[in-house]
Amino acid sequence: ERVDYVWSQYGKESLEVTHDVLTKSLSGDYGCIQVKVDDLFKGGESFDKGVLRMLEKWNISPDAREQLLVRFRSHDLTRQAEAKVSQNEHVSGKSISREDKATVKAIM
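Residue numbers (this note's numbering): 1 to 108.
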């Protein structure tokens with residue numbers, strides 16, 4: 001009963017709005033591209049391709065793209081030891097450090 005209430009009061013409308021925005025975004029009219037989060041989670045080459053697509057879409061210079069990709073690979077969970085993954089700030093929910101943000105800005 002509670003699930004039905006939440007769905008009818010919040011969930012259905014939220015899903016409809018999200019679907020509408022996503023459909024419009026991917027229509028080609030707004031210059032958006034689709035990068036599937038699953039491809040990023042697959043890691044390895046899929047991670048690299050997804051990151052490079054985003055950087056290209058944002059008009060980041062090719063030289064900077066490669067530098068950023070090297071840096072971003074450290075966040076590809078499939079490239080990390082299992083023990084490290086459990087302590088990874090992106091997995092544990094901690095925010096990105098100021099140093100990481102500053103380094104990315106400097107590269108761009």
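Everything labelled a hint here was simulated from the structure, so no lab data went into it.
On a predicted model such as this, the values are computed, not experimentally measured, just so you know.
Hints may be right or wrong, so weigh each one.
Said to hold, decoys possible - Straight line, CA to CA, 20 Å or less: simulated SDA-like cross-link-like pairs of lysine to any residue: (1) K105 / R73; (2) K105 / F72; (3) K101 / L77; (4) K57 / Y30; (5) K24 / E13; (6) K105 / N59; (7) K36 / R79; (8) K101 / F72; (9) K36 / K101; (10) K42 / F72; (11) K42 / Y30; (12) K101 / S74; (13) K105 / Q67; (14) K36 / S25.
Structure-based check of all given hints:
1. K105 / R73: holds, 16 Å
2. K105 / F72: holds, 13 Å
3. K101 / L77: holds, 19 Å
4. K57 / Y30: OK: K57 and Y30 at ~12 Å, within 20 Å.
5. K24 / E13: holds, 17 Å
6. K105 / N59: Measuring from Cα to Cα gives roughly 14 Å; hence the hint holds.
7. K36 / R79: holds, 19 Å
8. K101 / F72: holds, 11 Å
9. K36 / K101: Outside the cut-off at roughly 23 Å; violated.
10. K42 / F72: Judged against 20 Å, a Cα distance of about 14 Å means the pair holds.
11. K42 / Y30: Given that 20 Å is the threshold and the Cα spacing comes to 27 Å, the pair is violated.
12. K101 / S74: holds, 14 Å
13. K105 / Q67: Holds, because 12 Å separates the two Cα atoms, which is no more than 20 Å.
14. K36 / S25: Holds. K36 to S25 sits at ~14 Å (cutoff 20 Å).
Of the numbered hints listed earlier, those contradicted by the structure are 9, 11.
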